[in-house]
Every structure is written in structure tokens, then in C-alpha cells.
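Novice: Here is what each chain is made of, one letter per residue.
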Amino acid sequence: MRRGITATALVAALALAATACGSDDESGGSKSSGELSGTVTWWDTSTVGSEDKVFKKIAEGFEKKHPKVDVKYVNVPFGEAQNKFKNAAQAGAGAPDVIRSEVAWTPEFADLGYLAPLDGTSALKDEDDFLEQAAASTEYNGKTYAVPQVIDSMGIFYNKKIFADAGVEVPKNIGDLKTVSKTIKEKTGKTGLYLRGDDAYWFLSFLYGEGGDLVDASSKTVTVDEPEGVKAFKTVKELVDSGAAKTDATDGWENMQSSFKDGKVAMMINGPWAVADTLTGKEFTDKANLGISPVPAGSAGQGAPQGGHNLAVYAGSKNLEASYAFVEYMTSVETQAQTAGELNLLPTRTSAYSKQEAADSEIVQFFKPVVETAVERPWIPETGSLFAPLVTEYTKVLTGQTTPEKAASTTGDSYRKLLEGWK
Amino acid sequence: MAVHTSQSVAKAAGDDVARGRSRGTGNPPPPSRLRRAMSVHWYAWVMVAPVVIVIGVIIGYPLVRGVYLSLTNANERNVARSIGVNELPATYEFVGVDNYVDALTGTQFLGTLGWTLVWTVSCVGITFCLGMGLANILNRRIAGRSAYRMALILPWAIPGFVSVFAWRFLYNEDRGLLNKVLGGAGIDGIPWLNDPTWAKFSVIAVNVWLGVPFMMVALLGGLQSIPSEQYEAAEMDGATAWQRFRHITLPGLRPVSTTVILLSTIWTFNMFPVIFLLTRGGPGEATQILVTQAYKFSFEISPRDFAQSSTWGVLILVLLMLFAMVYRRVLRTQGDNW
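Protein chains in written order, with my numbering: chain A, 1 to 423; chain B, 1 to 338.
Honestly, the hints are just simulated from the structure, not real lab data.
There may be inaccurate statements among the hints.
Claimed, not checked - Here are the simulated DMTMM-like cross-link-like pairs (lysine to aspartate or glutamate), alpha carbons at most 25 Å apart as the crow flies: (1) A:K368 <-> A:E60; (2) A:K406 <-> B:E229; (3) A:K57 <-> A:D126; (4) A:K237 <-> A:D225; (5) A:K161 <-> B:D174; (6) B:K180 <-> A:D251; (7) A:K237 <-> B:D305; (8) A:K264 <-> B:D195; (9) B:K200 <-> A:D199; (10) A:K56 <-> A:D413; (11) B:K200 <-> A:D241; (12) B:K200 <-> A:D129; (13) A:K53 <-> A:E283; (14) A:K318 <-> B:E76; (15) A:K355 <-> A:D176; (16) B:K180 <-> A:E186; (17) A:K72 <-> A:D277; (18) A:K423 <-> B:D305; (19) B:K180 <-> A:E254; (20) A:K237 <-> B:D174.
As the list claims (entries may be wrong) - Selected chain A positions facing chain B (Cβ under 10 Å, derived; list incomplete): (21) N83; (22) S218; (23) V397.
C-beta atoms are modelled at their ideal positions from N, C-alpha and C, and glycine is treated no differently.
Bound conformation, chain B alone (with noise of 0.2 Å):
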């Protein structure tokens, strides 16, 4: 059996030259080069076949059944439930594009985009400033350098809720930290997660302080593959700190930058933790993202409403799709090999 195989690998080899040769002999191609694979790379078939089955029941079915879901009016009521000896059936029904259509056209799902693009845009933005900054002091010769490597990754390393807690109770109007500091000082208190602005404000700042970390390790590991003679070639040039900066670090760290600027995009967009965690989408819907808001039709309200809460899903996706597509398409008209 295994020579037998093993003979069968030898010929997939020759794959191309067989595949011509079917072709000149005029059978219908499909099904005999359906039955040829089979037979030929059957072995093959079965290795990947765990692969296949778990990542279809883990991911395709869920994303299968969630495009179904939007494209019904399925709610709390309608869903097919077994209670003890209760059984009752599902008797939701097939609605189209509707919920779609509600959802582009009402002012929540846009009102809501709105803020979820100022939010993504914001932290990234600002996380990866930081950490490029953080990263070029740490990768000079200091004294101390591991310690504060340390420190500075200290956020990451913490549980996400761990930390969103702690700055809950820093942010605590009355009886937190930082209200305790300003009053010390003889400020006022700010309503830090309840004021729609201030809230805004909370949020970005927590979540720049769980993503730092990631940037800056990302960027010195970047930083620290920049060969040391570019520098000291542009130093001998008399180039200006900015100059090097803007010449060598710069285009250096592209590979780096593009891809952890796509991934923490992808990350802040459904940042749910942080915003969930901290405000709970408050005070009254300021901070509410996309995915908070698809948590909330799916799990806060009553009835649940399980059918606008897939839409908002799959809108989220088709727009993380769009974006990535996007951004690869830009890179690649910069040169960029992706």
C-alpha cells in the first residue's frame, strides 16, 4: 500500500504532461480529472481532511448560519428552543435584503461607522506614533535598557479585562485616582465615562495603553534589522538626525509598519473588551462601536434580536474585507511585494 502511494505522489509530478494527454484523448474532462484527483492525491485529501472538517464546523458553519440569520427576521421568540419537556420550532421567516437595507439606510449603523472610523483611526494612529517613538529611544545604548523594555510591555502582559477594570476605577468620578490627582491639584474633577466627549476621550486612551506594547516591540524588532552602516554611511554625509530618520528608519520599517498597522486596524476596529468593559457603549450610545452595538441587538435587549445583530456582523466583515483589499492594493502599487 504504501509503494502504491508513494507512486501515485511520483506521478502528481508529472501532473501537467497527464493533464494534456486526458485532453487529447477527448473525454469530457470534469468528471474523469475529479475522479484522477481523487484517486491520485486521495492521500493527500485525507491529511488535510481534520484541517477542513474543524475549521468548516469552527468557522464556515457559524459564518454560513450568521449570513442565513441576517437574512431573516429571527429573534428571542422565534428561534427554535428546548426547554425541559417544552419543545418549540423555529418559526422565523425568510426576509431578503431587508435588514440590510434598514440597516444602510437608518442613521444608527452610519452614526455608528462614523464613530468606530474615528475611534480605529484615532488609536492607531496614536499607538503607532508612540510606540515608533518608544521604540528608536529604546533601541539606543542606555542605561537600563531590559528594565524598561519591561515595563513597557507590562500592558501587554496583563489580562485585557484586568486592566480595563483598573482604569475603570481610575476613571471613577468620585472616588477615582485620577479625580483624586486633579483635586490635589486643585482641578476640578472630570466626568471621565460620563460625559459623551470626555468617554471618547477614556477610551482611545485605554486602548492606546493595551496597544503600545505591541507596536513598539513590533517596531524595534523592525528597527534592529535596519543595517547599523546605513547610518553611520549617512552620519559621514553630514545627514541630520530628521534626515536619517525620514531616509533610512522610515523606509527601514516599511515591511514592518505596513503589516502591524493592517493588523492592529483590524484589531482596534472590533476592539470589543475595552469599550464594552469600560462604558458599555455609554454614556447613553457615545462610545458604541460596531461590534458593541451587534453585542447589544444580540444580547442586551429583549427580545434578542439575533437577525439584525448577524447584518451588523456581516457588515463588519464585508467592510474588514474592503478595507484589507484595499490597503494591499495600495501597497502593491508602492512596490511592495504582498
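So here's chain A without its partners, still in its complex pose (with noise of 0.2 Å):
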């Protein structure tokens, strides 16, 4: 029905000049013509006092393109977010028309049937365009439920300086990993590594660097207890037992971000999404202190886990024209590019590569082979329910309440229970 953004904005100009009554306050539906009306609630996840503010920009600008919709930006904690859709789309009432939703989430919402098919609307116009690896969460039972909005990794984040003072390298394994964080120690008296033990995405590099994983949906057996499991619960405790982590069990995120802010850890594990909020910290002044490198490898090798955003349209959107042209803009190339710009954020996107933006950007430039040769998950419904059972079992094994073997057959039968008939 619209060819693009321009044409509806002109259309929508010449339909309201044509008819110079603007009779069309009702809120909901677009008009046949193709002008959008109407509200368009947004639900945003990205980090507060960083990403959030550019987001809510862009997302405002919509409202230029297409001046009778209005768009209500609504950051929610990520930590929140799954918990809360959920509860407002089971009521069929408050939930918001477009929500950020995690790759994990997306196959999870779409399965309970909260997520409104995208195939066919103006939301998937360009879907050629789109990264395999990106896209790979949005579909569904052969429809797509969401358009991928972006796409990170994690790696190592490190402070040159205290690297400097303490005259150690970026360590390449978790052998080295040890070593210097013990040289850290000896030398500067700072902690080397933040390990969110609160977190269970935080495990996952350590996991897949031992050639382990979760589960493996092609044979549909569940692998986390494994000897690569237990290896990986092993060298995780033994990090924390023997000081070259520190770790805990609440407020991980805030406490993870403000010790390395500050200095007084040398190196966390985080991705692209924190990048904006570290270099807001006092140590990270000079931008060129914060460097990043590929995770530690395990016995196995490298193992980032593959993670990102898309973005889904709520079923029962009273709005859904508007939500699909929402959508369609806040991944378009031109957004896609700007948030490569200023926040450092990897774009779904082929042609945003190619961008300038893209291009200066040095995390992104960084990230950008990291992500390809991260470790996918299975997108299956069941994707989000596996973090569950896992974090209690990982943080009982960083607080000294359970053995490695325990905890990965601890998760292993609960994995088993919830993916029925699965080995």
C-alpha cells in the first residue's frame, strides 16, 4: 500500500490538503488513503542514562514523519520487561503496541501468541537486507514475528591503564586470565575480573569456550550436564574461590558497571550495550583508556554467545498500521546508522555497514567479526525458560552452595522437564 516513509508523509501532506477538514481524530487504524493516526506506545529496554535518551529521540521523530501519530516512549528495566509484557498481554490490557523484545523472547511471545505476524506489512519491507544471523530469532513456525533492530556479543572489556601500571596483556585464555589477574593483584591491589553472578548470560562465554551448550535442539538433548558443563561451572567457581573474580548474587549489573567505572576492577565481560554507560565513568575520560578484546578462550576456544534486540508488534495493538511503520523507521538504515554513531550499537543491517557512522566506529568495527563467529542459541520457544533454573544453579555455585557436577545436573532435569520428551 506505501512505498516507503516519504511517500506516506506525502501522501498523508496531500490527503490533508485535499480534504482540509482533518475530521480524522479518531485514535486507531490509519485511513485507507495511508495516512497513520494515532498512538503508538513504544516499549523501550536499552540502558538507562545512556541509550535510552537517544532512543527516545529517534522514536520521537517519527511523530515529524507522520504528525498525527503519537509516539509514547516508555523505557522499562530490561531485567522487567519479559515479565511485564507478559502479565499486560495474558490481561489483554497495557501492554504497549511495539516492544523491544530479546532475541530469547521473541520465539517465547510468539509462541504464546502475543506477537502479531510481520510478513506482508510494511514492518518487513526490506527483509533481504536484514544479517541470516540476526534474523534467525524473529521467525517462527515459518512466520516472522519481529525485525531485528540490533545485534552484539560479548567480549572483554579492560582498563589500559591498570593494565599498564601492572605490566600484563590482555589474556587470551583463562589460563592467562588467571595469571594476570593475579599480577593485578600483586601489583596494584585491584580486583582483575567482574563476573555478574547474578546473570546467567554471563556463564555462556565460559560454556561455549569448553565446547558446551545448553541444549542441542537439532537431536533434542539437553547438553549442559555434560563434562563441558561441569568444566565450565568448574572454571567459573575457581575464578571467584581463588580471587581472580569477584562476583555477586544481587545488583550485579550496577555493581559491575560502577567497580569498573571507577577502577577498581580491571576487566568485566560485557557487550556493546554498555559501552555508552562506561565511557560515562570517571576512569573512562579519555575514551582511548577503555580497550576490548575477544572473551578468554576456554579448552575449547573462543565462545561468545550471540545475543540482540528485535523489535515485535503486540497482537492486540489497537494501532497495528502505525506500529508496522514505527517499526519499519526505528530499523531503518539511516536509525540503524545513527545509533552505530553514537552509541556504538551494532546494526541488523547489510547495508547500514556501510554507512560512515558504521564505519567510525571502532566498537562496532570491533564487534562486528566477534558477532560473526558468535555461538547462536536454538530459537525455540523454550529459549527463554533455560536462563531460569540455570542462574540459580550458577549463583549457587559461585556462593560455595552447591558442587559443579550437582549444579550441571541440577539443570540438566530441570531442562528435561520443561522440554518434554527431549533426552
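Both chains are given apart, each in its own frame, so use the hints to dock them into the complex.
Specialist: Now the structure itself:
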């Protein structure tokens, strides 16, 4: 029906001029002429204090293109968004029109019937331009339920000054990591690594590094309790027990960010989404002090997880047309180039990488190859359910309440309960 | 109409006589009695109807529904949903008492129950002793008594979530005030919320802090109702302070203390906000009590397990009802008038 944003805006302007009465103030839906109106509520989950400002600005830019659409920007903390959306969607009231859905949530929301299929809508207009890897999580049962917004992976963030003071090189593997941390402790009195203990996502690179995985979807097998999984639990336990890493069971994100930003720890494992916030820290007033390097390899190599966020439209949205157009706008080449330049976030469109902003961002350039080799998770509806049992056992291992062997087998058992009929 | 009504009520007063007569005539009693009760007491029924309806809607329905769900395998995927144009029918099934068998034979429910009991007993015990001590101190004529009272009631006046978040900042391992103070004294920081044992200690400490004002105020009221003549007489007889406390204060406080202990036990057993906001049941599941675990089943795991959550909810209700019954019986055998 519409050729694009400019065409829509043109049509809208013409329609306004032609009718010159503007009597269509009903909320929701679009006119047959292609003019969009009504309210689009967007739940963003980006980092508060840095990323959210840019996304709010971009989202409100949509109103300029569609003056009759009112964009309501709402920042929902990432940790709460999944639950809040499910509550609202299940109750049939209070859900946003568009949600920034983490890659693992997308198939789950789609499976529960909360998302509108986007095939054939304006949201998916340039389907072929999206990176295959980023689009993988948006498909469910042969339909597409979201559009990739950003893609990411993890690396090791380090404080170059502390490294220079201690006279150490960036660790390449777990063995290096231990010796580097030890030297840093001896020379500067600081802790080497901050390892989040309250979020199992931070465990994945250790698991993949040992050649393990949570599950194998192709053979319908639970693999977390295989020897590789046990080894990964042992690795993180040793890092914490030996004092090479520091961990936390509550407020992990805030504690990790503040101790790294204040120069109390030398390294953390993190992704591009943390860059903008990290650079606000007093240690990084000189941006060059922040170093980023691939995660330390385990015995089977480097294994950073692939993550990212999609934009999905709520099936119960009263304003589907405007929501599709909003998703299209938020994932457009221009928007992605802008977020790459301002926030160092990785675009999900091939053509956005050829833009100057993306080419100029060192962080985007660093993470691009990392993402290409990152480990993808199986995009099954249960992917988002795998973390709850894992994080409990992961924290228990780090706080000495269980052994790595026990943790691996308990996690495996709960996965088998969750995934009916899996080995 | 009004006159007629007042007559009906007057007749109701002589109900015993009327019942005897109707039995004598040999009519089948139940239907006629019901019909007569309706016709005689219709006014009373109309008066209580709003209350009955409201209680039925806000307590009765959720309770019945919860019990029903606990007998099914309902979860997020198989309950009825209506999302925009999609209407998804419910597909969960009745599974009988399976959920109860699972809960009671597995280790998770019993393990959580164990810690819940430790948590309840220690919180109530410590709160009661502290409240009693403070009430006794405040019951004397000391300078600035009302200022002390105000200060001690303060934790009660602050909204629960505000104080719990404040405590969470104090407990923070790196940046918290408590560890800074310890650090100033040359003591290593304590992993307040990150070590299972310390976390248990920490949640109990916060709950005690929140609970002491209530105990103190209630017991202070009790203390003030004990006639001072009793103390004077005891002093004349040469009773020591301990003897006066043991034989006058404690028995005098009995009516108050039994009530506050019962209330406080029920509240603490279900004290959701302290655990949830402070540790979310962590680290691991170290501080998870029954209600926070039931919440976790229903809201934090996915797919959300409504059946299991309801099962735990019903079990919590049964446990508290059993406790209240036993408690009452014990008190009654000790001569309390309940």
C-alpha cells in the first residue's frame, strides 16, 4: 500500500491538503489513503542514562514524519520487561504496541500468541537486507514475528591504565586470565575481573569456551550436564575462589558497572550495549583508556554468545498499521547508522555497515567479526525459559552452595522437565 | 411496609417457640424453615447481601479458583488468552492431587518450608524480646520519653519497600555503608547478601527492624494496663525486679502478647516484600520462603506454572490455619478465654 516513509508522508500531506477538514481524530487505525494516525506506545529496554536518551529522540522523530501519530516512549528496565509484557499481554490490557524484545524472548512471545505476524507488512519491507544471523530469532513456525534492531555479542572490557601499571597483556585464555588477575592484584591491589553472578548470560562464554551448550535442538538433547558443562561451572568457581574474579548475587549490573567505571576492577565481560554507559565513568573520560578484546578462550576455543534485540508488534495493538510503520522506521538504515555512530550499537542491516557512522565506530568494527563467529542459541520457544533454572544453580556454585557436578545435573534435570520428550 | 418489617423482626425474637410449634405439626422441617427464614429475615439478608457479595467476589472466588487451579496442570501456555484478534481457548486438564503429591514428596517444598519456619520463629522470637525490652524501658518515667517513642515507631511509619531498599544500599558489598564502617575499623567487608548464611542473617535483621515498633507499641499498651498497685505491693513484700517481671509483668501481658505473637507469626510467615526486595530469594535459593517461591512459579519462571503456584498457596493457607487452630487450643487449655 505504501512505498516508504517519504511516500507515506507525502500522501499524508496531500490527503490533509485535499480534504482540508482533518476530521479523522479517531484513535487507532489508518485511513485508506495511507495516512497514519493514533498512538504508538513503545517499550524500550535500553540502558537508562545513556542509550535511552538517543532512542527516545529517534522514536519521537517518527512524529515528524507522521504528524498525526503520537509516539509514547516508555523505558522499561530490561530485567523487568519480559514479565511486564507477559502480564499485560495475558491480561489483554496495558501492553504496548511495540516492544523491544530480546532475541530469546521473541520465539516465546510468538509461541504464546502475543505477537502479530509481520510477513507482508511494511515492517518487513526490506527483509533481504537483514543479516541472516540477526533474523534467525525472529522466525517461528514459518512466520516472522519481529524485526531485528541490534545484534551483539560479548567481549572483555579492560582498563588500559591498570594493565599498563601492572605490566600485563590482555588475557587470551582462562589460564592467562588467572595469571593476569594475580599480577594485577599484586602490583596494583585491584581485582582482575568482575563476573556477574546474578545473570546466567554471563556464564555462556565460559560454557561455549569449553565446547558445551545448554541444549542441542537438532537432536533434542539436553547438553548442559555433559562433562563440558561441568567443566565450565568449575572454571567460574575457580575464578571466584582464587580471587581472580569478584562476583555478586544481587545488583550485579550496577555493581559491575560502577566498580569498572571507578577503576576498582581491571576487566569485565560485557557487550556493546554497555559501552555508552561505561564511557560516562571517571576512569574513561579519556575514551582511549577503554580496551575491548575477545573473551578469554576455554579449552575448546573462544565462545561468545550471540545476542541482540528485535522489535515486535503486540497482536492486540489497536494501531497495527502505525506500529508496522514505526518498526520499519526504527530499524531503517538511517536509524541504525545513527545508533552505530552515537551508541556504538551494531546494525542488523547489511547496508547500514557501509554507512560512515558504522565505519567510524571502532567498537562496531571490533564487534562485527565477534558477532559473525558468535555462538547462536537454538531459537525454540523455550530458549527464554532456560535461564531461570540455570541462574539459580550458577549463583549457588559461585556462593559455594553446590558443587559444579551437582549444579550441572540439577540444571539438566529441570531442562528435561521443561522440554518434554527431550533426551 | 416498615411496620410490617418491624413486626417480622419482633417475631424473629420468639424464634424458638415458633420452631417448636412447626416441628409439632409434623411438616417436613428443612424447606419450610428455609422459606420461613427468608420471609421472616429477608430484611437482614438484604442488609448483609452487599458484604456477602463483596467477600464472595474478592475472597471467595479467587480462593475457589486457586484451589481448582491447584488440581489442574494450568500454565502460561494452556490457559485461555485473548490477545487482540486471537482467542485462545484453555487446554489445561484436571490432574487431581498430583501437584500436592509432587510438592509434598519432593525436596523443594519441604526444604523451603524448613527455612520458612526458621525465619518465622527467629523473626518473631527476636522481635518479641526486643519489643518487650524497649516497651519496659519506655514504660518508666524517663526524660524525653515521647521523643524515644517517636524514634522507635519510625520504622513502622516508613513504607516497607522504602526501608527495604534503603537496607539494600546499606548491605551492598562494595559501596554499602555497613562495609565502609567495618572497613574504617579495619575489618574485612562482609558479603551481606552474597553469602547464603549472611543473607539469611541480613533478611532476619531487616524484618526484626521493621517488626519491633508494632511489638513495642502493643506491649507498651499492655504494660500500661497493669495496675501499678500490684508492683507496689510486690515491692513491699521485697520482690526483686526479676520476680516482679516474672510474676506480674509477664502474666499481665498475656492477653496482649498471645495476640501479637499469633498475628506476627502469620505476617512473618508470609512476609513477601522483605525477602523479595532484598534478595529475591537468593543467593541461589538460600532465603526463598514459601510465598516468594510461589510467586516465582507464577511470575518469574517461564512458562509460568500457575498450577504449582496455586498448590503452594493452598498449602500455605492450610499450614497457617493448622497453626492458628493449635495455638488457640493450647491457649484454651491454659485457661485463656478465646
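Novice: Holds or violated: K72 of chain A and D277 of chain A, Cα atoms, limit 25 Å.
Specialist: Satisfied, since the Cα-Cα distance of roughly 24 Å is no more than 25 Å.
Novice: Checking one constraint from the list: CA of K237 of chain A to CA of D174 of chain B, max 25 Å. Satisfied?
Specialist: holds, 20 Å
Novice: Given the hinted pair K180 of chain B and E186 of chain A, is their Cα-Cα distance within 25 Å?
Specialist: holds, 23 Å
Novice: With a cut-off of 25 Å on the C-alpha distance, tell me whether K237 of chain A and D305 of chain B pass.
Specialist: Given pair K237 of chain A, D305 of chain B is violated - Cα atoms ~31 Å apart, limit 25 Å.
Novice: Is the shortest C-beta separation between N83 of chain A and chain B less than 10 Å?
Specialist: holds, 6 Å
Novice: Under the criterion that the straight-line Cα-Cα distance not exceed 25 Å, is the pair K264 of chain A, D195 of chain B satisfied?
Specialist: holds, 21 Å
Novice: Could you grab the alpha-carbon distance between K355 of chain A and D176 of chain A and see if it respects the 25 Å cut-off?
Specialist: Measuring from Cα to Cα gives roughly 37 Å; hence the hint is violated.
Novice: Given the proposed pairing of K180 of chain B with E254 of chain A, does the C-alpha separation stay at or below 25 Å?
Specialist: Holds - the C-alpha atoms of E254 of chain A and K180 of chain B are around 18 Å apart, at most 25 Å.
Novice: With the threshold set at 25 Å, check whether the alpha-carbon distance from K200 of chain B to D129 of chain A stays at or below it.
Specialist: violated, 53 Å
Novice: For the restraint on V397 of chain A, tell me whether the closest CB of chain B is nearer than 10 Å.
Specialist: holds, 9 Å
Novice: Between K200 of chain B and D241 of chain A, is the straight-line Cα distance small enough, at 25 Å or below?
Specialist: holds, 21 Å
Novice: Is K237 of chain A within 25 Å of D225 of chain A, Cα to Cα?
Specialist: Holds, at roughly 16 Å.
Checked against the numbered hints given earlier, the structure breaks hints 1, 2, 7, 10, 12, 15, 22 and satisfies all the rest.
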